[in-house]
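Using the sequences and the accompanying hints, generate a full structural model.
As they're listed, the protein sequences go chains C and A.
In terms of the numbering used here, the first sequence opens at residue 808 and continues consecutively.
In terms of the numbering used here, the second sequence opens at residue 808 and continues consecutively.
Honestly, the hints are just simulated from the structure, not real lab data.
Since copy identity is lost for identical chains, a pair holds within one copy or between any two.
No more than 20 Å apart at the CA atoms, straight line, and that leaves these computed lysine to aspartate or glutamate pairs for DMTMM-like:
1. K828 / E1096
2. K828 / E959
3. K828 / D1098
4. K1171 / D1225
5. K877 / D865
6. K857 / E1112
7. K857 / D870
8. K990 / E1043
9. K896 / E1026
10. K1144 / E959
11. K1165 / D1219
Protein chains: 2
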Amino acid sequence: MTTPLRLGIAGLGTVGAGVVKIVQRRANLLAMRSGRPVVITAVSARTRDKDRGVRLGDYAWEDDPVALAKRGDVDLFVELMGGSDGPAKAATEAAIAAGKDVVTANKAMLAIHGQHLASAAEAADATLRFEAAVAGGIPVIKALIEGLAGNEVTRVMGVMNGTCNYILTRMEHGHLGYDEVFKEAHELGYLEADPTLDVGGIDAGHKLALLASIAFGTEVDFAGMEIEGIERISIEDIEQARDMGFRIKLLGVAQLTGRGLEQRMSPCLVPADSPLGQLEAATNMVVLEGDAVGQVVLRGAGAGEGPTASAVMSDVMDIARGSRISTFGQPAGSLSKPAPAKTAAPAPFYLRMALQDKPGALAKVATVLGKAGVSIDRMRQYQHSHQPTAPVLIVTHKTTREALDKALAGIDGTGVVDGHPVAIRIEEV
Amino acid sequence: MTTPLRLGIAGLGTVGAGVVKIVQRRANLLAMRSGRPVVITAVSARTRDKDRGVRLGDYAWEDDPVALAKRGDVDLFVELMGGSDGPAKAATEAAIAAGKDVVTANKAMLAIHGQHLASAAEAADATLRFEAAVAGGIPVIKALIEGLAGNEVTRVMGVMNGTCNYILTRMEHGHLGYDEVFKEAHELGYLEADPTLDVGGIDAGHKLALLASIAFGTEVDFAGMEIEGIERISIEDIEQARDMGFRIKLLGVAQLTGRGLEQRMSPCLVPADSPLGQLEAATNMVVLEGDAVGQVVLRGAGAGEGPTASAVMSDVMDIARGSRISTFGQPAGSLSKPAPAKTAAPAPFYLRMALQDKPGALAKVATVLGKAGVSIDRMRQYQHSHQPTAPVLIVTHKTTREALDKALAGIDGTGVVDGHPVAIRIEEV
Chain C
808 MTTPLRLGIA
818 GLGTVGAGVV
828 KIVQRRANLL
838 AMRSGRPVVI
848 TAVSARTRDK
858 DRGVRLGDYA
868 WEDDPVALAK
878 RGDVDLFVEL
888 MGGSDGPAKA
898 ATEAAIAAGK
908 DVVTANKAML
918 AIHGQHLASA
928 AEAADATLRF
938 EAAVAGGIPV
948 IKALIEGLAG
958 NEVTRVMGVM
968 NGTCNYILTR
978 MEHGHLGYDE
988 VFKEAHELGY
998 LEADPTLDVG
1008 GIDAGHKLAL
1018 LASIAFGTEV
1028 DFAGMEIEGI
1038 ERISIEDIEQ
1048 ARDMGFRIKL
1058 LGVAQLTGRG
1068 LEQRMSPCLV
1078 PADSPLGQLE
1088 AATNMVVLEG
1098 DAVGQVVLRG
1108 AGAGEGPTAS
1118 AVMSDVMDIA
1128 RGSRISTFGQ
1138 PAGSLSKPAP
1148 AKTAAPAPFY
1158 LRMALQDKPG
1168 ALAKVATVLG
1178 KAGVSIDRMR
1188 QYQHSHQPTA
1198 PVLIVTHKTT
1208 REALDKALAG
1218 IDGTGVVDGH
1228 PVAIRIEEV
Chain A
808 MTTPLRLGIA
818 GLGTVGAGVV
828 KIVQRRANLL
838 AMRSGRPVVI
848 TAVSARTRDK
858 DRGVRLGDYA
868 WEDDPVALAK
878 RGDVDLFVEL
888 MGGSDGPAKA
898 ATEAAIAAGK
908 DVVTANKAML
918 AIHGQHLASA
928 AEAADATLRF
938 EAAVAGGIPV
948 IKALIEGLAG
958 NEVTRVMGVM
968 NGTCNYILTR
978 MEHGHLGYDE
988 VFKEAHELGY
998 LEADPTLDVG
1008 GIDAGHKLAL
1018 LASIAFGTEV
1028 DFAGMEIEGI
1038 ERISIEDIEQ
1048 ARDMGFRIKL
1058 LGVAQLTGRG
1068 LEQRMSPCLV
1078 PADSPLGQLE
1088 AATNMVVLEG
1098 DAVGQVVLRG
1108 AGAGEGPTAS
1118 AVMSDVMDIA
1128 RGSRISTFGQ
1138 PAGSLSKPAP
1148 AKTAAPAPFY
1158 LRMALQDKPG
1168 ALAKVATVLG
1178 KAGVSIDRMR
1188 QYQHSHQPTA
1198 PVLIVTHKTT
1208 REALDKALAG
1218 IDGTGVVDGH
1228 PVAIRIEEV
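If you want it as structure tokens, here you go:
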């Protein structure tokens, strides 16, 4: 019980430095809780000479993370470099090949190579865990794999990109356009080097793919996900959705239905008074639904030094305590091949269009909707003094995307609407 | 890996029947996830002949739960009888003495005998877990012990009695008095046989004592908790608090400060737009705060067959997977003796009083507050046509309970207030 658990940490950015701080400052607490000392023996990063605000002098230094992963004095390889391929993947594979356990915060690597890495870890009798890869400090992987272990999971949802939620709520509160707030977020350093990862929904999509694999016992299938970013969300839609009792979120939804595995990361309307609707700024939220437990909602910081390091340490402490759980909650070989649903479950939709001020214009739109089988739940036409068109908002009853697309094409054909109507799914949360 | 985990279940009420259903219906899923079959070999309850909606014919029957706990064909004893002493405690002790693991939903037993039982389990090399004892289906014990294992926990808060939250929110939405809603809750079967356990804050207090032990590494100290129920909360306070931007919750707060361990279960005002303030009906919420992770909020069903059985199965599956974590997150012998704080941390307070319609009345109250060192943040005096007194509401700045009590005594002495002022703590969440 008193053999120390020896960590080798590759990547000393914000999160890496945060992990080093916890291991140093909370040594007694960690040993008390896990029954054994948790120590760092070696570290690796791109640049050695850089002040990271932590003492590193006691640890061996490796320029090459692969060399770090293979060291005889490292029991647990902590991968905090990022990137789906390259050094992160090479070092993770090397650690597993050497029979070492691995803890990683790397959502991109697992979303693409999760099945391969989980299988390799099992073959080597090593443990591979990734709590920090999804929703930062929220212990959601643990809640889903372990807390809901007695449930058939029915649906998983989440707002898991803090930057997107910051942009959407900032637009609303500041009555600002997307481009303006995007620029502001960029200046505040909230965006990834490639901002498409954030605002294009890819980062959040990686996270959802990992949750879906655990929830439904399927191989990770990032390629099978429907992804749409927030770039086309306008302040008009945010404000008019709010008027009708909704807020717009970049929402991930995964569910397994008779039509197959549905994985969507896209802007959705959710009721303003629901927990998801009430989520402000960069906070993350994950909603887990199981047949026994009902709905469990988890909320917390989705990024940042402390929260992400806390999640890394959760995995480290599990391994120190001797827990050996499969990467995706069941043996990698038992995960089934996902059969992606061709179409999403029916849902109500929000529509906004610029209706020309002509007699019978609204009747034409209503007729087209009716012919496509799309029925109207609520409709509002706004005042349009001095404008040639009037904004018309429609909330439909539940409909399929096919019927809706048919209706939208029909509306384009009426000639009474300027431009194309905006259509956003309303998720029942 | 294919040796089955054999459960003996004592107590076949709602939760017990729920656990039997999951084990029967989800046999394949449980075996896939844990790597071994999870089976029931024997059961026990007070009455044998009763339709519980589940097949029990395949299991051995024991009238005596102690005999069940000692059976050679039981690996894991599942205690779902309830009651702090009596058969539940005797059977738990018997199971531990026989070296068996125990999973229990019994908050009362652990709040009183937790230290003794955790020590006994450790001495016998047995595992004793209790996820279902706190906040039903929410995996909060797991989140706190494992998810936040790298954190120094700074504060734990929770709304953990669904019945009390139902009563408080029903009073507000129905504009109803406490007695009326209490009667309604009773008729709906929402109250324990002894309703004081619910409305007196004892049930929620048991839960908070368990969370505090884990959070601060101290022996469970239910006796050291300050407990106040919701019996004296009036519809006037609920509505006037709401007017000032607050809602009243039966809130548990535990924190370790320089003054010692503070454990309070009492009605508090919280901001109406905070996650705790937005909590409706019987839903539970727990807020965990750690030095690294910041604030994590968990929300879900706090009671009921499915949610509670889900939590029991979380512990069962952990044990099936080979996890062996100390009952309170660290060895029982390493838990320190709690030093209860003599006074609660300073806080703002909400005061409501019936001020007589006399010249200088308000000045007298303000003078008394000032002399006691209690300063006023906000004040409202309401219209009082045809009434000899006017309702006056005050929100104070942060103050100690001692200063406040001095001020309240002073107000009584002015002779310008009818009855005693109501004073409710405002918790900064």
